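Q: Fit chain B to the given chain A structure using the hints.
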Amino acid sequence: MIEVKIYKDTPIPGRFSQFWKKFRKHKGAVVGLVVLTLIILMAAFSPLLAPFDPTEQFSDYLRYPPAWSNDGITRHLLGTDDLGRDLLSRVVYGSRLSLGLSALVVVIATVIGVALGALAGLARGGMEYFILRVMDVILAIPSLLLAIVIVAIIGPGLPNAIYAVAIVLIPHFVRIVRASIKEEMAKDYVVAAKLDGASPLRLFTHSIFPNILPPLIVQITLAFSTALVDIAALGFLGMGAQPPNPEWGTILSQSRAFIQLAPWTVTIPGLAILITVLSINLFGDGLRDALDPKEHP
Amino acid sequence: MILIIVRQLIILLLSFLGITSVFFILTQFLPGDPVAVNFGNIAKGSAEYQQAYLALGLDQSLLQQYFIYLSRIFSGDFGYSVVTSRPVIDEFMTFFPATFELALFASIIAIVFGVALGVLAAIKRNTWIDNLVMSASLVGYSMPIFWWGMLLIIFFSLDLNWTPVAGRISYVFDIEPRTGLMLVDTLLAYSKYEFIAFFDALKHLILPSIVLATVPLAAIARMTRSSMIEVLSADYILTARAKGVSDWKIIWVHGLRNAMISLVTIIGLQSSVLLTGAILTETIFAWPGVGKWMVEAIYRRDFPTIQGGVILIAFFVVLINAAVDVTYNIINPRLRRRK
Chain A
1 MIEVKIYKDT PIPGRFSQFW KKFRKHKGAV VGLVVLTLII LMAAFSPLLA
51 PFDPTEQFSD YLRYPPAWSN DGITRHLLGT DDLGRDLLSR VVYGSRLSLG
101 LSALVVVIAT VIGVALGALA GLARGGMEYF ILRVMDVILA IPSLLLAIVI
151 VAIIGPGLPN AIYAVAIVLI PHFVRIVRAS IKEEMAKDYV VAAKLDGASP
201 LRLFTHSIFP NILPPLIVQI TLAFSTALVD IAALGFLGMG AQPPNPEWGT
251 ILSQSRAFIQ LAPWTVTIPG LAILITVLSI NLFGDGLRDA LDPKEHP
Chain B
1 MILIIVRQLI ILLLSFLGIT SVFFILTQFL PGDPVAVNFG NIAKGSAEYQ
51 QAYLALGLDQ SLLQQYFIYL SRIFSGDFGY SVVTSRPVID EFMTFFPATF
101 ELALFASIIA IVFGVALGVL AAIKRNTWID NLVMSASLVG YSMPIFWWGM
151 LLIIFFSLDL NWTPVAGRIS YVFDIEPRTG LMLVDTLLAY SKYEFIAFFD
201 ALKHLILPSI VLATVPLAAI ARMTRSSMIE VLSADYILTA RAKGVSDWKI
251 IWVHGLRNAM ISLVTIIGLQ SSVLLTGAIL TETIFAWPGV GKWMVEAIYR
301 RDFPTIQGGV ILIAFFVVLI NAAVDVTYNI INPRLRRRK
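Each protein sequence line maps, in turn, to chains A and B.
Mapping the first sequence onto the numbering used here, position 217 (from 1) lands on 217, and the numbers just tick up by one.
Mapping the second sequence onto the numbering used here, position 1 (from 1) lands on 1, and the numbers just tick up by one.
One should not assume that every hint holds.
[Stated by the list, open to error] Lysine-lysine pairs mimicking DSSO-like chemistry, simulated, CA-CA at most 30 Å apart:
id : chain 1 : residue 1 : chain 2 : residue 2
1  : A       : 21        : B       : 124
2  : A       : 25        : B       : 124
3  : B       : 203       : A       : 22
4  : B       : 44        : A       : 27
[Claimed, not checked] From chain A, some residues computed to sit far from chain B (all C-beta separations above 12 Å):
id : residue
5  : 40
6  : 195
7  : 228
Bear in mind the hints are in silico, worked out from the structure with no lab data behind them.
In this text, all values refer to a predicted model and were calculated from it rather than measured experimentally.
We put the CB at the ideal spot given by N, CA and C, even for glycine.
If we strip away everything but chain A, and leave its shape as in the complex, we get (with noise of 0.2 Å):
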C-alpha cells in the first residue's frame, strides 16, 4: 500500500499539552506546583523524613531553640516544644494530617456540592429555588463560626470538624457547578445531544461535564486552601484534632502559652501553614489562568 501524505501534518496538541503550554508560562504557579509536591511528598513520606517520633519526649532538651541559634543543638534542627518534643518532626508528620485532612475534605465538598449544584441545575422551579435559597442560609453564616457551632454540636474531635468543614465548603460547589450548567444548557452541542435523545443523566455526564471541569477544578484549589486554614483553625480553637496530634493549628494552640518563652514552637509551625497556602493559591493562580479560556483566546 502506499502512503500518501497530501497534507502536512501537524499534530493539534491535546487538551492536556494546551493547558500545559499555558500553565508553564506563568512562573509563580510553577513554583507554587513545584513547593506543593514537596509537600505532600514530605507528607507521603514522613516516617523516612522525620529523625524522631513526633510524640517522643526528650526529657533533658526541654525548649531547646531551633540549631542556627546560639544555645540550639544540631540533633533537633527546628528546636523541641515545651514537652521537649522534635519539632521538626511534629511538623513532617502534622503535613500528613493537614494535607489529608484537607484533601479528605475537598472530596467531600466536591461529591455533595457537584451533585446538588447538578440537580439544581438541570432541574428547574421547586427543586431549584430550594437548593439555592438553602445553600445562602449556609452561606450567611460566617464559615468559621458554622463550623464551629456544628463542631460544638456534635462534639469536638477530628472526623467532626471534618464534616463541619465540608458542609461550609459545599455551597460554593453548588453555586458555580448550577452557573456553569445553566451556562451550557444554552449552547449548541447539548441542543444537538438533546435532539439526539440524550437522557437527563448521560446528558450530564457526557455532554456538559466535561465542559465544566475548568472552572470546576479552579474550585477544588480554592477550596483546597479554604480547608487546610479552616481545619487548622479549628484546631487552634481546640475544636479540631486533638492533642498530642501534630495537626499544625493543634500545635500551634498548644504553644501560644509559651509565646514568650519559645516563640519558635509559635513561628515554625504557622510558617508551615502559610507555604502551604502559599503554594496551592499561586498553583491555583496559574491554573485559573490557563484553564480560563475567555481571557487568553
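A: Frame of chain A, contents of chain B only:
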C-alpha cells in the same frame, strides 16, 4: 427599584426563616431535657420548671412548638444564657459594639489601602511595583490570621514593646460604656486624662485591626487591580485620553468610579470574612467582642447563647449582603437602564 428592595426583603425573610429552622431542628437532636437546654438547670417539678415547660410549648405538637419558637425569636427573645443567666440579646448588645469597632476600623484599613494598592498596581501594570503588590497580596490572602496575630504580638508587643498584648484599654482607666465604642467613650468620659485614654484605646485597637484587615485588604487589592485594568482598557477611557483629560483625572474620576461598581460587591462579601476573622482575632487579642463571646459559649456548651449569637450574626451578614445588592443595583447604570 422598589421591586429590587422587595425581592431582597423576601430573600432576607427566607434566609432568616431558614437559619432559625436549622436551629429548631438541631434542638430536637440535642441530648438532654429541652427545658435544661434552653433555660439551664431548673429543679424538675418546681413551678418554675412548669412555667418554662409551657413557655416552650412542650405540651403541644411539634408544629405548634415551631411557631412558638418562631414568635419568640422574631420578638427578640433568645432565652437566657445558661452561664450568666442574663438575656442573650442583652449579652449580644454588650459584646457587639466591641466587634463593630474592630470590624469598622479593619474595613477602613482594608478598603483604603486595598483600593490604593490595587490602583497603583493597575497603573504600573507589569512593572516591579505591580509584581511586588501582587506577591504581597497573595501572601496576605493566604495568611492564617491566628498565626499572623501571634507573629505581630511577638514582634511589636514582646520585642519592641510598642503595643499592648490584649484587651481594649488598660485597667487604669475606668471608662463608662455609653456608645460601646471605646474610641468614642474615652472622648466622652469626662476627665482630664481623656486624650491619654483615647490614645491608649487606639494603641489597643491598632494591632487587632491590622490582623483582621489583612485578608480583606489582599482580596480588595487583587480585585481592584483586575477591574481597574478592565476599565482602563475600555473605549471611553481612550476617548477621554484623546480629548486630553489628565492622567490623574482619568484614573480617579473615570477609572476608579467605574471600577468601584464591581468592587462594591466584593467589599460587601468581606463582611462575612471579617466576622470569621473576628472570631480568631478576638481570641488571640482577648478582645471582648462577639467572636470571643461565641467561642466561650461553645466551650461552656451554653446553647441559648450559641443559638442567639449565630442567628443575630447571620442576620447581620444577610442584612449587609442585601444592602450591598441594593446599592449595586442603584449605582450600576447598566442595570438601571434595563428596568
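Q: It remains to establish, for every hint, whether it holds in the given structure.
A: Verification of the supplied hints:
The suggested pairing of residue 21 of chain A with residue 124 of chain B holds, with an alpha-carbon distance near 27 Å, which does not exceed 30 Å. Among the hinted pairs, residue 25 of chain A with residue 124 of chain B is consistent with the structure: their alpha-carbon atoms are about 21 Å apart, no more than 30 Å. Under the criterion of a C-alpha separation no larger than 30 Å, the hint pairing residue 203 of chain B with residue 22 of chain A is inconsistent with the structure, at around 48 Å. Distance hint between residue 44 of chain B and residue 27 of chain A is unfulfilled; the C-alpha atoms sit about 69 Å from each other, more than 30 Å.
Against the 12 Å criterion, residue 40 of chain A stays outside the reach of chain B, whose nearest CB is about 17 Å from its own CB. Even its closest Cβ contact with chain B, about 32 Å, leaves residue 195 of chain A beyond 12 Å, as expected for a residue assigned away from the interface. With a closest Cβ-Cβ approach of about 9 Å to chain B, residue 228 of chain A is found to fall inside the 12 Å limit, against its non-interface label.
The structure fails to meet hints 3, 4, 7 from the earlier list, while all remaining hints are met.
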